[in-house]
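J.: Each chain, letter by letter, is given below.
4 protein chains.
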Amino acid sequence: MSNVNKVVLAYSGGLDTSVILKWLQDTYQCEVVTFTADIGQGEELEPARAKALQFGIKPEHIFIDDLREEFVRDFVFPMFRCNTIYEGEYLLGTSIARPLIAKRQIEIARQVGADTVSHGATGKGNDQVRFELGYYALEPGIKVISPWREWDLLSRQKLLAYAEAAGIPVDMKHKQGGAPYSMDANLLHISYEGRHLEDPNAEAEESMWRWTVSPEDAPDQAQYLEIEFVKGDPVSIDGQKLTPAALLARLNEIGGRHGIGRLDLVENRYVGMKSRGCYETPGGTILLKAHRAIESITLDREVAHLKDDLMPRYASLIYNGYWWSPERRAMQVLIDHTQQHVNGTVRLKLYKGNVYTVGRDSADTLFDQTIATFDDDGGAYNQADAAGFIKLNALRMRIEAKKGRQ
Amino acid sequence: MSNVNKVVLAYSGGLDTSVILKWLQDTYQCEVVTFTADIGQGEELEPARAKALQFGIKPEHIFIDDLREEFVRDFVFPMFRCNTIYEGEYLLGTSIARPLIAKRQIEIARQVGADTVSHGATGKGNDQVRFELGYYALEPGIKVISPWREWDLLSRQKLLAYAEAAGIPVDMKHKQGGAPYSMDANLLHISYEGRHLEDPNAEAEESMWRWTVSPEDAPDQAQYLEIEFVKGDPVSIDGQKLTPAALLARLNEIGGRHGIGRLDLVENRYVGMKSRGCYETPGGTILLKAHRAIESITLDREVAHLKDDLMPRYASLIYNGYWWSPERRAMQVLIDHTQQHVNGTVRLKLYKGNVYTVGRDSADTLFDQTIATFDDDGGAYNQADAAGFIKLNALRMRIEAKKGRQ
Amino acid sequence: MSNVNKVVLAYSGGLDTSVILKWLQDTYQCEVVTFTADIGQGEELEPARAKALQFGIKPEHIFIDDLREEFVRDFVFPMFRCNTIYEGEYLLGTSIARPLIAKRQIEIARQVGADTVSHGATGKGNDQVRFELGYYALEPGIKVISPWREWDLLSRQKLLAYAEAAGIPVDMKHKQGGAPYSMDANLLHISYEGRHLEDPNAEAEESMWRWTVSPEDAPDQAQYLEIEFVKGDPVSIDGQKLTPAALLARLNEIGGRHGIGRLDLVENRYVGMKSRGCYETPGGTILLKAHRAIESITLDREVAHLKDDLMPRYASLIYNGYWWSPERRAMQVLIDHTQQHVNGTVRLKLYKGNVYTVGRDSADTLFDQTIATFDDDGGAYNQADAAGFIKLNALRMRIEAKKGRQ
Amino acid sequence: MSNVNKVVLAYSGGLDTSVILKWLQDTYQCEVVTFTADIGQGEELEPARAKALQFGIKPEHIFIDDLREEFVRDFVFPMFRCNTIYEGEYLLGTSIARPLIAKRQIEIARQVGADTVSHGATGKGNDQVRFELGYYALEPGIKVISPWREWDLLSRQKLLAYAEAAGIPVDMKHKQGGAPYSMDANLLHISYEGRHLEDPNAEAEESMWRWTVSPEDAPDQAQYLEIEFVKGDPVSIDGQKLTPAALLARLNEIGGRHGIGRLDLVENRYVGMKSRGCYETPGGTILLKAHRAIESITLDREVAHLKDDLMPRYASLIYNGYWWSPERRAMQVLIDHTQQHVNGTVRLKLYKGNVYTVGRDSADTLFDQTIATFDDDGGAYNQADAAGFIKLNALRMRIEAKKGRQ
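Protein chains in written order, with the UniProt record's numbering: chain A, 1 to 406; chain B, 1 to 406; chain C, 1 to 406; chain D, 1 to 406.
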C-alpha cells in the first residue's frame with residue numbers, strides 16, 4: 001500500500017462514496033478532500049457538504065462545483081459535432097462526463113496540494129478506466145486509489161455493515177430488498193444497469209424509466225420544434241437563445257414529455273465483457289437528429305463521409321476513456337474544422353417517442369434546387385457528362401470482366 | 001449514334017418507359033426486347049405484356065420475371081448483414097434493387113443475342129450509374145442507351161406530345177397539374193422525390209406517404225414481435241418460418257400498420273449534387289434494429305467494431321452502384337464470414353412509429369452474466385487486473401504529459 | 001464549341017504546348033495568355049517568352065513565374081508531413097505540382113480577365129483531372145479547353161505536320177525515331193512513361209534515368225547526413241539552414257549522386273487503367289525516411305497510427321487531383337496539428353541507392369530509455385501491470401473460446 | 001501463487017530459459033515439460049534435450065519440433081499477402097512467430113495433460129502479450145506463468161548467481177562484460193535490442209549484424225532474380241519450385257549476400273513505451289517488393305486500395321499479439337479472397353542493399369497496353385469521356401466554391 005498524504009475523492013454524498021470516504025480515512029490515515037460536481041444529475045448537492053463535515057473534512061477541503069455549462073459546452077457539444085454513436089446506438093452519456101470530473105479533480109489536487117485522487121467506480125466497469133486515464137493523462141505522477149478494486153467490501157452485506165459501523169445512515173430501501181439499479185445521470189442522460197436487466201432477454205420494467213414518459217403516455221398532439229445551429233452547435237430553440245446547459249435541459253424536458261430517447265442495448269465494455277444497459281437521452285436524441293439534418297445541407301459530401309468514416313473510432317475513444325488522449329484531440333481538430341459552415345435551422349416534429357426532421361434551412365446551404373431537379377439548370381450540369389463519368393468509373397471493371405473474373 | 005441491333009429495355013409498362021420503347025424503335029430502327037421485373041413494387045405486371053405487344057414486340061421478346069425471392073435473399077439480406085446505412089440514415093432501398101435488374105437484363109441480352117441494353121433512369125440521378133456500372137461489370141462489351149441523356153424530350157410537355165403522337169395512352173393525372181412525385185418501389189422501400197420536396201425546408205404532405213399509416217393513426221396498442229436469425233439472416237417471425245420475400249413482406253405489412261420507417265432527408269448523390277428524398281422502409285427499419293440486437297450478444301467486440309468501421313464504405317459502394325465490383329465482393333466475404341454465429345431470437349416492441357428492442361436470446365451468446373455483474377464470477381475476471389490494464393494503457397499519455405504536452 | 005474570349009494556357013515552350021497555343025488561336029480565334037512556371041524542372045524558361053512573342057502574344061500576356069519556394073513550402077512539405085505514398089511506393093511527384101499550376105493559372109485568369117484556361121495534358125492520364133479539378137474548385141465558372149480531348153491531332157505525324165505548317169520549329173530528335181518518353185519534372189521528381197516502358201515486363205534502360213547515377217556508379221564511400229526538422233518540416237542539412245526549395249534541391253543533388261530514389265512501378269490511374277511509370281525522387285526518398293525517423297521519437301503511438309490509417313486516403317486524394325477539395329483541407333488540419341512537436345535531428349547514411357537511418361535526437365522525444373529497457377525505471381512501469389493488461393485484453397477471446405469458436 | 005501441476009515451458013536451451021526451468025521446479029514444485037521449436041533460428045536444438053534431461057525432465061516430456069514449414073506456410077505467407085508493415089517500416093519478424101509457438105504449446109499441454117504454460121519473455125516487452133493472448137485465445141482456462149514478471153531475478157547478477165547455484169553452465173561471454181544484445185531469430189528475421197541501441201541516436205555497430213553482409217561488402221555485380229507467385233504466395237525462384245520454408249531460406253541466403261534488409265528503427269510497443277530495434281529481414285524485404293509488384297498488375301485498383309487501407313490495422317493486430325483473434329481471422333478471409341488471381345512472375349535486381357523491380361508478367365494481368373498508352377485502343381477508352389468524368393467529380397467543389405468557401 002503506497003503512502004498517501006491527501007486524497008481528492010469524487011464524492012456524490014451517497015451511500016457508496018460515503019463508505020469510501022470513511023474507508024480512505026481508516027485505511028490510509030490520510031486527509032480527504034471531497035469534490036462534488038453538478039453536471040445536471042438533478043440532485044441536491046448541499047447535503048454532500050453536511051455529510052463531509054460529519055466525517056471531519058475541513059470546510060476548505062469541500063468542493064461543490066456547478067459544472068453544467070462547461071460540461072455541455074466543452075464536452076457534449078464537441079462530441080455531437082461528430083454525430084457520435086457507439087456501436088450503432090449508444091449516445092455515450094456516461095462516457096462523456098467522466099473526463100470533466102477527472103479534469104476538475106486534478107485541478108483541485110493541484111490547488112490543495114494532494115498527491116492522490118480516488119473515485120467510486122467498480123472494478124468491472126468502464127468508468128474506472130475513464131477516470132484513471134484522465135487522471136494520468138493530466139497529471140502523470142498522480143497516485144490513484146480505486147477502493148472497489150482494493151477493499152474486501154465486495155458484497156452488499158459487507159458494505160452495509162461497514163456503513164453502520166461507521167455511523168453512515170443507510171436508508172430503508174438499501175436495507176431491504178435486493179440491490180438497486182446501478183444508475184448514472186447527468187445533463188445528457190440517465191443510465192440503468194443491474195438487477196433484472198442482467199438477463200438480456202428480460203424486458204425493462206416500465207417503472208424503471210425516470211426521465212421520459214412512456215410513449216403511450218405522451219401527448220396525442222405532435223410538437224414542432226426549431227433548432228438553430230452556429231458552427232455545428234445548437235444555440236437556440238424556437239428562436240430563443242439559450243446557453244448550452246439551458247438548451248440541453250430544455251431539450252430534455254421537451255423530449256422527456258414526448259417519450260423520446262429510450263434505449264435498451266447490450267454493449268461491449270472496454271474491459272472485455274458484454275453488458276446490458278438501458279438509457280434515456282431525450283435531448284441528445286433530438287440533437288443528433290437535428291445535427292445530421294443541418295449537416296445534410298451545409299457539409300460537402302466527401303467531408304461528411306470522412307466524418308462518418310472516422311466516427312466509430314472517435315466514439316470508441318470516448319467510450320474507452322481516451323478523451324484526454326492526443327489522438328482524440330487530433331480528431332477533434334479535424335471535426336471542429338468541418339463545422340465552420342454548419343449554420344442554419346432545422347425543423348423537427350416530436351411525437352410519442354419519434355423525432356422527425358421535416359425541414360432544414362441555411363444561408364450556407366450547398367443544396368442547389370436547380371441542379372438537383374429535372375428543370376433546366378442553366379448549364380451547371382450537363383446530362384451528357386454522366387456518360388463519361390460512368391464509362392471511366394466502369395473501365396477497371398470492364399477490364400476485369402474481360403478476364404473472366406466476376 | 002452507334003449501330004444497334006437488338007436492345008433489352010428495362011420496361012415498367014408505365015408512360016415513361018413506353019415512350020422510351022417507341023423512341024428506341026424510331027431512333028435506332030432496332031428490335032426491342034422488354035424486361036419487366038416483379039421486385040415487390042406492388043403493381044400488376046401483365047398490362048406491361050399487352051402494351052409491349054401493341055408496340056409490335058415479339059411474344060418471345062417479352063420477359064416478365066418474378067424476382068422477389070432472389071431480390072431479398074441475394075441482395076437485401078446480404079446488405080443487412082452489414083447494418084448498412086448511407087449517410088447515417090438511408091437504408092438504400094432503391095440502390096440495392098438496381099444491380100439485380102442489371103444482372104437480369106444482361107442475362108436476357110445473352111439469351112436473345114442482344115448487343116444493347118437500355119433503361120429509363122434520368123441523367124441527373126444515381127440510378128443511371130447503378131444500372132450502367134452493373135451492365136459494364138457483367139458484360140464489358142455491351143452497348144448502353146440512356147434515352148434521358150440522348151433525346152430532346154426533356155420537358156414534360158415534349159414527352160407527352162411524343163406519347164400522344166405515338167398513340168401511347170396518357171392518363172388524366174399526367175395531363176393535368178404538375179409533375180408527379182418521382183417514385184420508386186420494391187420489397188424494401190418506396191421513395192419520393194420532386195414536386196414540393198424540392199424545397200428542403202418544406203414538410204412532406206401527409207397524403208404523399210403510401211405504405212405506412214401516420215404514427216398518429218397507428219394502433220394505440222403496442223405489438224410485440226419475435227424475429228429469429230440464422231447466420232445473420234431472419235428466418236422466422238413469431239415462430240413461423242418464412243421465405244425471404246415473404247418475411248420481408250410480412251414485416252412491411254406489420255411495420256406499415258404501426259407507422260414505422262418514414263424518413264425525410266437530404267442526401268449526397270454520386271453525380272455531385274444534394275437531393276431531397278422521402279422514404280418508407282417499414283420492414284427494413286425493423287430488420288436493422290433486430291439485426292443489431294442479435295449481433296450485440298453473438299458478435300465479438302472487435303469483429304463488431306471492424307464491421308462498423310467498414311460499413312460506411314460498404315454503404316457508399318452500394319449507393320454509388322458498385323454492387324458488382326470486386327471490392328464490394330471482397331468486403332462481402334468478410335461480412336458473411338462474421339455472421340456464422342449470428343443466430344438467435346430478438347424480441348421487439350412496435351408502437352406508433354417506434355421499434356424498441358426488449359429482449360435478445362441465443363445459444364451462441366457471448367454475454368456472460370456472471371462476468372458482467374457485480375457478483376462473484378468464480379475467478380473469470382480478477383478486478384485487480386484492471387489496475388494493470390489501465391496503467392499500461394495510460395503509460396504513453398503519462399510520458400507525453402511529462403513533456404508538458406496537453 | 002463554346003465561345004471563348006481569352007484563355008490562359010499552361011505553356012512550357014516545348015513542341016506540344018506550342019502547337020496547342022497555335023491551335024487555340026486558330027480554333028477559337030481567342031486571345032492567348034501564356035503562363036510558364038519554374039517549379040524546378042531544370043529548364044531555361046526565357047525561351048518560352050521569345051516563342052510566345054513569335055505567336056503574337058502580347059508582352060503583358062506572357063507570365064513567367066518562379067514558384068519553386070511556394071511549391072516546396074506549401075505543397076511538397078505539407079504532403080511529406082503525412083509520410084504520403086501512393087500504392088505503397090509512389091511519392092506523388094507529378095501529382096503534387098498540378099494544384100499549384102492550376103492555382104496560379106486561375107490567379108492570372110482573374111488578373112487579365114480571362115474566361116478560359118487550357119493545359120496540355122492528354123486525355124488518358126491523371127493530369128487532366130488534376131488540372132481541371134483545381135480550376136473548377138478555385139473558380140467554379142471557369143471554362144476549360146483540353147486540346148488533347150478535342151482536336152484530331154492524335155497521331156505523332158499529324159501533330160508534327162500541324163507544327164510544320166504553323167512554322168513551329170521541330171528539332172531532329174522529334175522528327176526521327178519513335179516517340180520520346182513522356183516525362184515530367186519538378187523539384188520533387190522526374191517521371192518517365194511510354195516507349196518500351198509500355199511493356200511492364202521490360203526493364204528500363206539505364207540511359208533513361210537523368211537525375212541519379214546508377215547505384216553501380218555511385219561513390220564507394222558512404223555519406224552521412226544530418227537533417228533538422230521543425231514542426232515536421234526539414235529546415236537544415238548538416239547544420240546549414242536552407243529555404244524549402246534550396247533544401248530539397250540540395251537533397252536531390254546529394255541523393256542523385258548516391259543513386260538514391262529510382263522507382264519502377266505499375267500504378268492505377270484515376271481514369272481507370274493501369275500504367276507503367278519510372279520515377280527518380282532522390283531528395284524525396286531521403287526526406288520520407290528522415291521524417292518517419294523524427295516522428296518515431298516525437299509522435300505518440302496512437303497519433304502516429306491515426307496518421308498511418310489516414311495516409312492511403314490522403315495519398316489517393318492527391319493522386320486523383322483533389323488537393324483543393326474540402327476533405328483534403330480537413331485532413332491537412334489534422335495532419336498539421338500532429339506536427340507541432342515533430343522537432344529534432346535525424347542522422348542518415350547514404351550509400352549506393354540506400355538511405356539508412358542511423359540516429360535520431362530531439363528535445364521533444366517521447367523515447368524514455370529507462371522505461372524501455374531492462375533497467376530499473378524508478379516505478380514508472382510496474383511489470384506486474386502487464387499481467388492485468390493481458391488478462392483484460394484476453395477476456396473477450398477467452399469467452400469466445402469457451403463457446404468453441406476458433 | 002496458484003496451484004500448478006504440470007507446466008509446458010517454451011524452452012530454448014539457453015541460459016535464461018534454463019534458469020526458468022529450474023525456477024519453475026523450485027518455486028512451483030511442479031512437473032516441467034519442455035518444448036523447443038525449430039522455426040529457423042539457426043541453432044542446434046538437440047543440446048536442449050540433453051540439458052532438459054539434466055534437469056530431470058522425463059524423456060517423453062521433451063518436445064523438439066521442426067515447425068519451419070508450418071511457420072512460413074501458415075503464418076509468414078498469409079501475412080505477406082497483405083503487404084504487412086508496422087509503422088511504415090517493420091516487417092514483423094518476431095511478432096509473426098509467437099502465435100505458432102503459443103499454438104504448439106497449447107497442443108502439447110493438451111497432449112500431456114498440463115494445466116499451465118510458461119515462457120521466457122520479459123515484463124516490459126510485446127512478446128509476453130503475444131504469447132499469452134495466444135494461450136488464452138486457444139485454451140481459455142489455461143494457467144500462465146511469466147517468470148520475469150514474478151521472480152526477483154531482475155538484475156543480471158542475480159540471474160547468474162541463481163544459475164551458478166543451480167549448476168547451470170554459464171559461458172564466459174555472459175560472465176564478462178555487459179548484457180548481450182537481446183536477440184530473436186527465425187526464418188523471417190533476426191532482431192537486436194538493448195546495449196548501446198538503447199540510445200536512439202547511437203548508430204548500430206557493424207559487428208552487430210549477423211545475417212547480412214554490409215552493403216559495402218556485398219558483390220559489385222548485381223544479381224537478377226525471378227520469383228513466381230500462385231494465389232499471392234511465392235512458389236519458385238528462378239524457375240525452381242521450393243517449399244515455403246526452403247524458398248524463404250533461399251531468399252535469406254541471397255538477400256543476405258547482397259546486404260539486403262537491414263533496418264534500424266524506434267517502434268511503439270503495445271505495452272506503452274517506445275523502443276529501439278534493429279532488424280535483418282533479407283528474404284522478407286525481397287518478398288514484400290515482389291508481392292507488391294505482382295499485385296500491381298493483377299489486382300483491381302479498388303481492391304488494392306481496400307487492402308492498403310486495412311493493412312495498418314492488420315499489422316497492429318499482429319504486432320500486438322492478436323493473431324488468434326476473431327477480427328484477425330475475419331480480415332484474413334478478405335485478404336485471402338483477394339489473392340485468387342495474384343499469379344505470375346516478378347523480375348528483381350539485387351545490388352548492395354537494394355531490391356529493384358524490373359519486370360512483372362502474368363496471365364492474369366489487368367494491365368492493358370493499348371488502353372494505357374497514346375495509341376488507338378479500338379474504342380475501349382473514349383477520351384471525350386474524361387470531360388464528363390471530371391465535370392461530375394468537380395460539381396460538388398464548384399457548388400462549394402460558388403458559396404465562397406475555400
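Each hint should be verified, as a subset may be incorrect.
For chains that are exact copies, the list does not tell them apart, and a pair is met inside one copy or across any two.
[Stated by the list, open to error] Calculated lysine to any residue pairs in the SDA-like style (CA-CA distance at most 20 Å, straight line):
| hint | residue 1 | residue 2 |
| --- | --- | --- |
| 1 | 143 | 56 |
| 2 | 402 | 60 |
| 3 | 402 | 330 |
| 4 | 349 | 206 |
| 5 | 231 | 329 |
| 6 | 349 | 213 |
| 7 | 143 | 403 |
| 8 | 403 | 330 |
| 9 | 241 | 104 |
| 10 | 22 | 46 |
| 11 | 241 | 369 |
| 12 | 231 | 27 |
| 13 | 402 | 110 |
What the hints contain is simulated information worked out from the structure, not anything from laboratory work.
J.: Each hint needs a verdict: does it hold in this structure or not?
T.: Against the structure, the hints:
In this homomeric assembly, residue 143 and residue 56 never come within 20 Å of each other (Cα to Cα): the closest approach is 23 Å inside a single copy and 46 Å across copies. Taking CA atoms no more than 20 Å apart as the test, residue 402 paired with residue 60 passes in neither setting, with 80 Å inside one copy and 29 Å between copies. With identical chains, the CA atoms of residue 402 and residue 330 are at most 20 Å apart between copies only, with a shortest distance of 19 Å across copies and 45 Å within one. Taking the shortest alpha-carbon separations for residue 349 and residue 206, only the inter-copy value of 13 Å comes in at or below 20 Å, while the best intra-copy value is 25 Å.
In this assembly of identical chains, the alpha carbons of residue 231 and residue 329 lie at most 20 Å apart whether taken from the same copy (18 Å) or from different copies (17 Å). Taking identical chains as interchangeable, the C-alpha atoms of residue 349 and residue 213 lie at most 20 Å apart whether they share a chain (17 Å) or sit on different chains (16 Å). Taking identical chains as interchangeable, the C-alpha atoms of residue 143 and residue 403 lie at most 20 Å apart only when they sit on different chains, with a minimum of 18 Å there against 64 Å within one chain. Within a single copy, residue 403 and residue 330 get their C-alpha atoms only as close as 44 Å, which misses the 20 Å cut-off; across copies the closest is 17 Å, which meets it.
Taking CA atoms no more than 20 Å apart as the test, residue 241 paired with residue 104 passes in neither setting, with 28 Å inside one copy and 44 Å between copies. Taking the shortest Cα distances, residue 22 and residue 46 sit within 20 Å of each other inside one copy (19 Å), while across copies they are farther apart (62 Å). Proximity of residue 241 to residue 369 under the C-alpha cut-off of 20 Å is found in neither arrangement, the shortest distances being 30 Å within a copy and 46 Å between copies. For the homomeric pair residue 231 and residue 27, neither the shortest alpha-carbon distance inside one copy (50 Å) nor that between copies (48 Å) is at most 20 Å.
In this assembly of identical chains, the alpha carbons of residue 402 and residue 110 lie at most 20 Å apart only when taken from different copies (15 Å versus 70 Å within one copy).
The structure shown violates the earlier hints numbered 1, 2, 9, 11, 12.
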